[in-house]
Amino acid sequence: MNLPEQQFRRDAAVKAGDLNHRATIQRNIGLYHAAVARGKTRFADWNEGRARLAQVKWDAINHLDRYLEQFARNVLANGGHVHWAETGDQAAQIILGLARRRGVRKIVKAKSMTTEEIHLVPALAAAGIQAVETDLGEYICQLRGEPPYHIVTPVMHLSRQDVSRTFQEKLGAPPTDSAEELTMIARRQLRQDFLTADMGVTGANFAVAETGQIALTENEGNIRLTFSLPRIHVAVVGIEKLVPRVADLALFWPMLAHSGTGQAITGTCSLVGGPRRDGEPDGPEEFHVVLLDNGRTRLLADVAQRDALHCIRCGACLNACPVYRTIGGHAYHTTYMGPIGCVITPHLRGRDDWAHLPYASSLCGACAEVCPVNIPVHRHLLQNRRNTAGGWQRLAFKFWAWTVQDPLRYRWAGKFLRCAGPFAKLWTDTREWPAAPAQSFRDWWQKQNPHPNPLPYTARERGLKKISSPPSLGGEDQGEGESRSS
Amino acid sequence: MNAARENILARVRAALRVTAPPPAAPTGQPVFPPVADPVARFTQELTAVKGELVASLPEFLNSFRLIASSVDLVPGNASVREAELGVTGCECLIAQTGSVVVSTRTSGGRAMAVWPPAHLVIARREQVVPDLAAALALLQHRYAGHWPSQLSWVTGPSRTSDIEKTLVLGAHGPKRLAVYFDA
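Quick note, the sequences are listed as chains A and B, same order.
Per my numbering, the first sequence starts with residue 1, numbered consecutively.
Per my numbering, the second sequence starts with residue 1, numbered consecutively.
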């Protein structure tokens with residue numbers, strides 16, 4: 001078992017048994033679901049919205065070369081700079097190099113999963129450049145030395161008391177039980193940082209090809225301060241963030257807000273297209289966009305799973321997932337956690353180390369049901385399992401198929417399973433072996449109807465089997481498993 | 001970094017030699033119910049997100065000593081950094097969501113609408129548009145090719161629910177957002 005899998009199994013087991021953790025998560029996710037249910041009444045046709053977003057993202061992703069070039073051209077025309085990074089390390093080096101050349105000593109950072117992905121803050125710290133997280137949740141994470149727990153609400157797992165303890169230890173703040181007072185402590189601290197920082201680093205929720213603008217979504221106002229006050233603004237943008245037209249945001253913004261938090265629209269949605277222009281009284285002198293690949297083109301090359309790049313990082317599938325709600329966001333040890341994280345991480349970071357992730361799912365499909373861009377997340381999880389299925393797994397499933405396609409073999413398998421409990425140690429370590437009734441349905445039926453057919457039923461069914469086609473394993477999964485090449 | 005650009009674009013083009021099957025086409029049905037009375041709806045939505053509608057301007061301004069302003073109606077007496085209130089104009093207002101659209105052109109740059117602890121928007125009722133689509137169409141028409149360097153769709157005061165999902169106003173930006181209709 002490789003290291004990521006060992007960590008995952010260990011931490012998932014610990015969290016699953018932590019009742020305090022469970023109570024906090026259930027409460028927070030319960031509030032989220034109540035807000036989403038209330039927000040649903042704002043839509044005349046939610047499913048039509050999903051279909052439209054899916055279509056726009058399909059267009060953007062399947063013509064990505066065109067839109068990337070158009071976007072880059074327009075950023076340049078707006079007076080900005082475009083950098084291309086093939087790997088996370090390259091992206092971090094680009095920003096580090098820029099910071100060095102411009103004599104940057106302090107950076108304020110907006111919340112951005114992409115900057116988590118490229119490990120920007122540690123890279124800057126190693127070079128002696130202080131990078132301060134300014135999103136309240138991320139700020140708390142940074143003080144605690146923890147990664148974010150959730151892609152939308154980074155400290156969903158902490159109580160007010162936990163946060164107060166952190167502020168007491170790290171900032172010398174007085175203890176308080178009030179979320180408002182805690183927020184004001186962070187506000188006062190961070191306002192100093194905004195005024196003294198030389199560079200602001202943000203991500204982007206969308207990149208608009210038509211205008212060369214990036215769209216940023218937030219509630220707190222820290223992103224606006226990050227791109228307003230420092231003299232340099234750098235945005236790290238995954239290449240899948242492209243949307244063709246600015247008009248597309250009229251639907252992306254409310255759908256993202258609804259799925260992310262249940263809001264009609266997030267507190268502030270901003271469009272940034274370049275540095276301060278002539279005649280504008282303030283704003284940064286320089287605007288840089290770092291376009292990041294870091295494995296995204298690998299996913300793009302996989303036609304069957306390409307639509308996983310449609311994801312707008314709303315976090316709805318995390319909140320819907322029974323596994324996420326049990327083991328929490330840290331056990332995954334990935335930048336992107338929950339169902340969508342289990343879909344994309346093996347593609348972005350390598351199948352061998354992350355093959356266990358798609359098994360962190362019951363395949364119930366709750367993730368796909370809530371997805372605002374209609375990604376069939378659970379089907380991708382199944383596909384990911386297929387991508388890495390080893391020889392013994394394939395053999396086992398062939399044996400299973402062989403067994404259930406024949407009534408006699410099926411009967412004998414049933415008889416065997418009735419007494420197989422004690423042998424299934426691996427399974428029963430964490431689960432109960434289901435108690436089997438004393439007799440099978442078939443046996444019971446036969447006793448009720450001693451002579452229903454002129455023929456013995458096994459012989460009759462064996463005859464039937466010859467003229468019927470073998471059962472498939474569910475419509476969408478047919479026949480891809482063996483023949484797929486990647 | 002030109003090599004990185006060429007490599008990424010080459011990989012994208014190679015990947016896209018096969019197009020993924022398109023998703024089911026939308027039906028064309030409206031996603032949102034129509035907005036009947038934009039000004040009334042705007043007022044309702046603004047109040048719902050804890051924004052304020054100012055009835056009497058002198059009364060509202062009375063409670064602020066240091067004011068930074070980018071509109072003629074309210075003279076400013078302070079710099080943005082020291083102001084208790086930032087007074088700005090706006091591009092338009094959106095009935096569907098109760099949002100105010102500010103930009104570097106209408107709102108005294110970037111900081112005036114976000115740094116001071118309170119933000120007052122001076123607007124005209126005819127600036128209210130029904131929905132987000134109408135606002136983006138209006139701006140696209142107004143600025144095609146020459147957008148201000150930054151615009152923000154501001155919906156209520158700055159807020160956070162990061163700690164136990166408890167709503168707190170004034171996380172980093174304004175604790176109060178007020179709108180005054182001048183006409």
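Incorrect hints may appear among the rest.
[Unchecked claim] In silico lysine-lysine, DSS-like type, Cα no more than 27 Å apart, as pairs: (1) B:K50 with B:K165; (2) B:K175 with A:K425; (3) A:K425 with B:K165.
[Claimed, not checked] Derived Cβ-Cβ restraints for the label pairs, each shown as a range: (4) A:E169 with B:Q29: 30 to 38 Å; (5) A:A420 with B:E6: 56 to 64 Å; (6) B:N2 with A:R191: 36 to 44 Å.
[Said to hold, decoys possible] Covered by chain A, per the in silico footprint, the following chain B stretches (three or more residues, Cβ under 8 Å): (7) 10–16; (8) 168–177.
Think of the hints as simulated: they come from the structure by calculation, not from any bench.
It should be emphasised that the depicted structure is a prediction, and the values quoted were computed from it without experimental measurement.
Glycine residues also receive a C-beta, built at the ideal position from the N, C-alpha and C atoms.
Status of the hints after comparison with the structure:
1. B:K50 with B:K165: Distance ~17 Å between K50 of chain B and K165 of chain B Cα, so the pair holds.
2. B:K175 with A:K425: violated (59 Å)
3. A:K425 with B:K165: Violated - the C-alpha atoms of K165 of chain B and K425 of chain A are around 42 Å apart, more than 27 Å.
4. A:E169 with B:Q29: 30 to 38 Å: Since E169 of chain A and Q29 of chain B have Cβ atoms about 54 Å apart, the given range 30 to 38 Å is violated.
5. A:A420 with B:E6: 56 to 64 Å: Because 58 Å falls inside the window, the suggested range holds.
6. B:N2 with A:R191: 36 to 44 Å: holds (40 Å)
7. 10–16: Per the Cβ count (6), the hint holds.
8. 168–177: Held - the stretch 168–177 of chain B has 6 residues with a Cβ nearer than 8 Å to chain A, which meets the minimum of three.
Against the hints set out earlier in the document, violations occur for numbers 2, 3, 4.
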